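Add chain B to chain A, keeping to what the hints say.
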Amino acid sequence: SQQGEEDPQALSIQEGENATMNCSYKTSINNLQWYRQNSGRGLVHLILIRSNEREKHSGRLRVTLDTSKKSSSLLITASRAADTASYFCATDYSWGKLQFGAGTQVVVTP
Amino acid sequence: SQTIHQWPATLVQPVGSPLSLECTVEGTSNPNLYWYRQAAGRGLQLLFYSVGIGQISSEVPQNLSASRPQDRQFILSSKKLLLSDSGFYLCAWRGGMQEGPRANTGELFFGEGSRLTVL
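Sequence lines, in order, name chains A and B. Just so we're aligned, residue 1 is where the first sequence starts under our numbering, counting upward by one. Just so we're aligned, residue 111 is where the second sequence starts under our numbering, counting upward by one.
Only chain A is shown next, with the shape it has when bound in the complex (with noise of 0.2 Å):
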């Protein structure tokens, strides 16, 4: 079974607004990634958070990790249209190891 889980499965939203989701995993992890992928292209990864981590920062993207409730959240600002695009949860829970959850289709409408 995917070991994260993306909350809300698609988004659609207008530039200029935030966009955020939310990822649910179920063991304990080493770290979480988050990862965005554009229609039929690879994956490409945009941040990671260590799991003694509880924020990070990386341009317009904010990510959080609460361990305790096992769950992680992706919070894009002042969206942009070229941030139409799928974004995954990944845990790396064993040293090689990364599971995706099943991801959040994002539109940026202009």
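Since the hints were derived computationally from the structure, they do not count as laboratory data. Just so you know, these numbers come straight off a predicted model, no measurement behind them. If a hint is listed, it holds; no wrong ones were tucked in.
One-sided excerpt, in silico: chain A residues whose CB lies under 8 Å from chain B: (1) 30; (2) 31; (3) 33; (4) 43; (5) 88; (6) 100; (7) 101.
EDC-like mimics (lysine to aspartate or glutamate), calculated; alpha carbons at most 20 Å apart, straight line: (8) A:69 with A:53; (9) B:189 with B:169; (10) A:26 with A:7; (11) A:26 with A:66; (12) A:69 with A:5; (13) A:56 with B:217; (14) A:70 with A:5; (15) A:97 with B:169; (16) A:56 with A:66; (17) A:69 with A:7; (18) B:190 with B:132; (19) A:97 with B:217; (20) A:97 with B:181; (21) A:70 with A:55; (22) A:26 with B:169.
Even for Gly, the Cβ is constructed at its ideal location relative to N, Cα and C.
Below, chain B alone, put in the same frame as chain A:
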């Protein structure tokens, strides 16, 4: 800089035919290599991973096999394809312990994928 190549990008195969997808990595040595499969609108399922030449770990028992004949080459194969083998196959690599700034970060670098349709 490191690059990863996957081919073919797209293929349509009849049921029962063989399969070979190839992945190569350049610009790094002793990478960890991975094969994932993505069903339409779904997340990624880890199929195989390898920490060295000839070392393959299978995550899901199925109709597929993997081989690593060289340090930076990873091959996904099947002797007889099933309809359920259709999907988007992604190869990925991750730096080993000896890598520089990215050592131990866990970040995966993905290829552009191979879309397989079995008819």
